[in-house]
Structure formats: structure tokens, C-alpha cells
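Peer 1: Each chain is listed here by its residues.
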Amino acid sequence: MTAGRADAAVIAASRDDAEEFGVIYDRYAAMLYRYAYRRLGQEHAEDVVAETFLAAFRHRGRYDVARQDARPWLFGIVTKEIARYRRAEEARYRALARAGAGEVVDGLADEVSLAVSAQAIRGRLADALRGLAPGDRDVLLLIAWSGLSYEEVAETMRIKVGTVRSRLHRARRRLREALGENVLAKFFEEHE
Amino acid sequence: MKEISMLEGLGSALDPVGPPPQDLRRRVLSEALQSRSQRWWFGSRLGVRVAMVGGLAAVVTAVVLALQVVPFGSQGPAARAEAADILHAAAVQASHQTDLRVRPEQFIWVESIATVRATNEATRESAVESVRRTVWLSADGTKDGLIRQESRPGGTASDIVVPGCKDGVMTQSKGSDTGTSSCKPSPAYVADLPTDADTMLNYLYHNVDGTKNPRDQEAFSTAANLIREAYLRPASLSALFTAVAKIPGVTVVGDVTDEAGRKGVAISLNEVQDTRTDLIFDRNSHAYIGTRTVMATGADGLHAGDLLYSAAVLSIKVVDRVGG
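As they're listed, the protein sequences go chains Y and B.
For what it's worth, our numbering labels the leading residue of the first sequence as 1, then goes sequentially.
For what it's worth, our numbering labels the leading residue of the second sequence as 1, then goes sequentially.
Because the hints were derived from the structure by calculation, they are not lab data.
Just so it is clear, CB atoms sit at the ideal spot from N, CA and C, and this is done for glycine as well.
Be careful, since some hints might not be right.
Derived lysine to aspartate or glutamate pairs resembling DMTMM-like cross-links, with alpha carbons at most 20 Å apart [stated by the list, open to error]: (1) Lys2(B) / Asp127(Y); (2) Lys2(B) / Asp136(Y); (3) Lys263(B) / Asp136(Y); (4) Lys2(B) / Glu177(Y); (5) Lys263(B) / Asp26(Y); (6) Lys317(B) / Asp144(B).
Here are a few chain B residues that face chain Y, going by a calculated C-beta distance under 7 Å [what the hints assert, rightly or not]: (7) Leu10; (8) Gly11; (9) Ala32.
Hey, can you work out the whole structure from these sequences and the hints?
Peer 2: As C-alpha cells, then:
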């Protein structure tokens with residue numbers, strides 16, 4: 001009965017009938033949970049998703065119903081909620097970096113080393129993510145993990161598309177430096 | 001964009017193993033409903049919603065007897081906590097329902113779909129029969145009420161008068177015979193049921209020693225009977241669900257689909273008669289939507305999970321007169 005209605009229509013209906021908001025939850029909870037989980041891990045992902053939906057519910061009266069797709073709005077809220085856990089996020093990347101470093105030392109037989117090197121690269125990637133400026137990291141991870149376009153990320157972050165591009169450019173350069181061009185080349189020889 | 005591809009790889013490696021936990025939805029939506037201003041709820045929308053439920057139900061013709069059960073957990077502390085979560089959400093939902101004014105001369109009108117298993121004593125064969133049931137029950141118990149049952153799908157209707165008890169006298173008719181007997185009114189609406197959980201819990205237990213059934217089972221049955229075909233004030237209904245969560249042995253059943261095709265979650269109590277009685281709540285709104293009793297273990301040619309009785313409540317109203 002509710003399938004096919006644009007998010008904007010559902011949110012508008014939820015202003016009078018609060019239970020309608022369950023439709024928004026059902027559409028996007030899994031998506032937001034996965035995104036928050038990648039950045040923060042299980043412990044905080046649940047709280048972040050709960051807080052995101054509660055904030056969205058409280059502010060549903062202010063939602064601009066001209067925006068049919070609620071994803072930029074919701075990712076904007078989840079980004080703010082994740083920002084409250086910056087230390088936990090950076091600790092997560094640090095732990096991943098350590099795990100990756102351990103794997104490199106263990107390099108064994110050929111078959112294993114292939115997997116090991118992927119693990120090692122993830123470790124370095126995580127370490128690079130930790131070192132990014134928060135605003136750059138938000139843009140980079142929204143582009144890489146949310147499925148939103150540049151324009152939608154701009155809407156999500158309430159910044160200009162040009163700013164999305166410049167932050168992304170800066171973040172990618174940092175990742176390349178952290179990985180080293182030869183690591184990148186090696187990764188793609190092995191995985192493509 | 002090699003870095004982005006690599007990040008995608010990192011992201012997949014960090015993904016959760018499954019969807020968000022089931023209770024997260026309840027947590028979010030019950031907090032949201034709790035936080036919202038009362039004004040939104042008491043608008044005319046509720047009336048529209050109730051009417052809609054009735055309208056939808058009218059187009060449901062197929063009898064869904066294969067009640068689908070997806071067990072979440074089984075027994076133990078986790079299942080108990082899950083049951084408490086469901087009942088808590090139901091209590092929150094109940095507290096936001098409209099507080100209707102019920103006058104003594106009015107009737108509580110309840111429409112439901114009920115299914116009963118009838119067993120032929122001689123052959124031990126049993127079959128289920130499904131009816132659409134509409135009742136008009138006298139609020140103060142002094143007026144004649146009515147039970148109208150229609151076999152489903154689309155069978156004949158039969159009316160049963162529920163005699164009221166006026167001035168201590170009840171008049172019953174059977175064919176051309178009419179007789180009177182002394183009585184005490186049984187009101188369909190009790191305005192002064194407890195409104196806090198502890199008093200409600202005492203109320204549920206106040207008669208438990210009158211039978212051979214275990215005390216907890218008796219308290220659970222009392223609760224189930226109080227809401228079966230009834231209108232309770234929001235505060236009492238809310239207190240009742242909170243109280244039921246405190247009855248030892250109450251556990252979660254899991255996801256169910258009721259006879260009206262609605263998605264629900266059920267909590268239950270096992271009974272010494274080898275049966276299990278479930279209370280079913282709407283999976284989205286957490287509203288109480290019905291009850292059912294199933295076999296807990298196999299006996300008399302029946303198997304565990306076979307349905308004995310089931311009622312899906314479609315609509316509850318307060319009306320001025322019987323019939324129509």
C-alpha cells in the first residue's frame with residue numbers, strides 16, 4: 001500500500017500520522033546501519049542509527065517536501081551523529097591499521113600472501129582515513145560508501161559541489177601518499 | 001578512482017553480518033511515538049485509521065489458517081527480555097490511544113475474525129471453522145447485547161442475544177419460552193480498572209487461587225480475557241501490558257501473521273493443559289490485534305502448533321444501540 005510513494009510524501013504524511021514514519025525506517029535503516037557500522041563498528045552503530053531516526057522524526061516538520069529522495073537528508077543527519085563518535089572512529093581505524101601491519105610480517109606461502117597483502121593494504125587505508133580532516137573524511141566516505149552522487153553529497157553536507165570535489169581530491173591524494181603508487185599498482189595487478 | 005575502489009573493498013570487509021537488530025526498530029519507533037506531542041494523536045486521524053482497518057478487513061476473504069511462525073529465540077532470559085520489549089512497546093502504544101467516554105447505556109462494539117477447532121467426540125476428527133464475529137456488549141451489563149456470527153467465507157449469520165441484567169433480574173428466551181432468573185450485571189466496560197502496573201498486577205492475581213490452574217497461568221488468562229473483546233481506557237490497557245510482562249513464564253513467540261493477514265509479533269504463556277496462549281501485537285504499531293491458543297505438544301491426533309482458537313480483532317467502537 002505504501003510502496004511506490006516518494007519519501008517526501010511519506011514524510012509529509014508522518015506529520016499527521018506518526019506511525020507513517022515506520023516506512024522511512026524500513027526503507028533506510030539497513031542502509032544507514034551499514035554505513036555507520038563500517039565507520040564505527042557494532043557498538044556505536046545501533047545508537048547512531050537510533051539517534052538518526054529520532055532526530056529525523058523530530059525534524060520531519062521541517063523536511064523540504066520538494067526533495068523526493070530522503071537519502072541526502074538522512075545521510076546528513078547520520079554524518080552529524082557519527083561526528084560525535086570521532087574518537088571511537090579513529091580508534092577503530094587505528095586498530096585496523098595495527099591488524100594490517102601484523103599481517104604483513106606474517107607473509108607466508110604465495111596463496112596466503114595474496115590475501116595478506118589485501119589485508120595489509122586495508123590496514124594502510126584505515127590508517128590514512130584516521131589521518132584525514134573530519135570534513136574530508138565525511139566527503140570521501142559518503143562518495144565511496146553511501147552510493148550518493150557528488151550533487152547529493154553536496155546536499156547532504158550542505159556544501160557546494162565544488163567543495164565536494166576539492167575535499168575529495170585532497171582526501172584521495174592523502175590516501176595515495178599513504179599507500180604509495182607502487183602498492184596501488186601491485187594491488188590492481190593482483191586483483192583485476 | 002583506484003582509491004575509491006579500494007575503499008569499497010575495505011567497506012565490504014567492515015560490513016555487519018546482517019541487517020540491523022530486530023529490536024532496534026521497536027526502540028526507535030516507540031521512542032519516537034513517545035516523544036511526539038499528544039496533539040497529533042488525538043486528532044481525527046485515529047478515527048480514519050480505525051475505519052480503514054475495518055474497510056481493509058472487509059476485502060480479506062481467504063481464511064489463513066496456516067499461521068506462519070518465525071521463532072526468534074526460544075526460551076530463556078533473552079526470550080523473556082524480548083517479550084518484555086514487545087509488551088513495553090504495546091504499553092506505550094496503548095497509552096496514546098484515544099480515551100473514549102463510555103456512558104452506561106452504551107455498547108462496546110467489537111468486530112473480529114475468529115477461528116475455532118471443533119472436535120467430533122465420536123470420531124476424534126477435528127476441523128476448524130472460521131467466523132466473522134460482531135458483538136454488541138452492554139457497557140454496564142444491564143441491557144441486552146448481541147453476538148452475531150457469520151461463517152466465513154460468506155455464510156449465513158446467526159444472532160445470539162446476550163441478556164442484560166436489569167434490577168437483579170435477567171430475562172432469557174428460547175423459542176417461545178421465556179424465563180427470568182436473578183443475576184448480577186456483567187459490565188462490558190469497567191471505568192475503574194487499575195491504571196498503574198503494580199495495582200494491575202495485583203488485580204490479575206486477585207482470583208488466582210479459585211482454580212487448580214497455576215497462579216501465573218490464571219493471571220495471564222485473566223489478562224487475556226480482559227482485552228479479548230473489550231475496550232479498556234488507555235491508562236488501564238497500558239498498565240495491563242506492563243503487568244503481563246511481569247508474569248513469570250511469559251516469553252516471546254516470534255513473528256506471526258494473523259488471520260486478517262496482518263504482520264504481528266506474539267508473546268505467550270504455556271499452560272498445563274498442553275496448550276499455549278499467545279497475545280499478538282501489530283509489528284509496526286505495536287497495538288494489540290488478537291489472541292490465539294495452539295497445541296504446545298502433540299496430543300489427540302493434533303500436533304504442536306495446531307490451532308485451537310484464534311481471534312483477530314478488526315475494530316472496536318462505542319455505539320449507542322445494538323444491531324445494524
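Peer 1: All hints are to be evaluated individually against the structure, with a verdict given for each.
Peer 2: Hint by hint, here is what the structure shows:
1. Lys2(B) / Asp127(Y): 17 Å, holds
2. Lys2(B) / Asp136(Y): Judged against 20 Å, a Cα distance of about 17 Å means the pair holds.
3. Lys263(B) / Asp136(Y): 43 Å, violated
4. Lys2(B) / Glu177(Y): 13 Å, holds
5. Lys263(B) / Asp26(Y): At roughly 14 Å apart (the allowed maximum being 20 Å), Asp26(Y) and Lys263(B) satisfy the hint.
6. Lys317(B) / Asp144(B): At roughly 17 Å apart (the allowed maximum being 20 Å), Asp144(B) and Lys317(B) satisfy the hint.
7. Leu10: The hint holds - Leu10(B) has a Cβ within 7 Å of chain Y, the shortest such distance being about 5 Å.
8. Gly11: 5 Å, holds
9. Ala32: Interface hint status for Ala32(B): holds (4 Å vs cutoff 7 Å).
Comparing the model with each earlier hint shows a violation of hint 3 alone; every other hint is respected.
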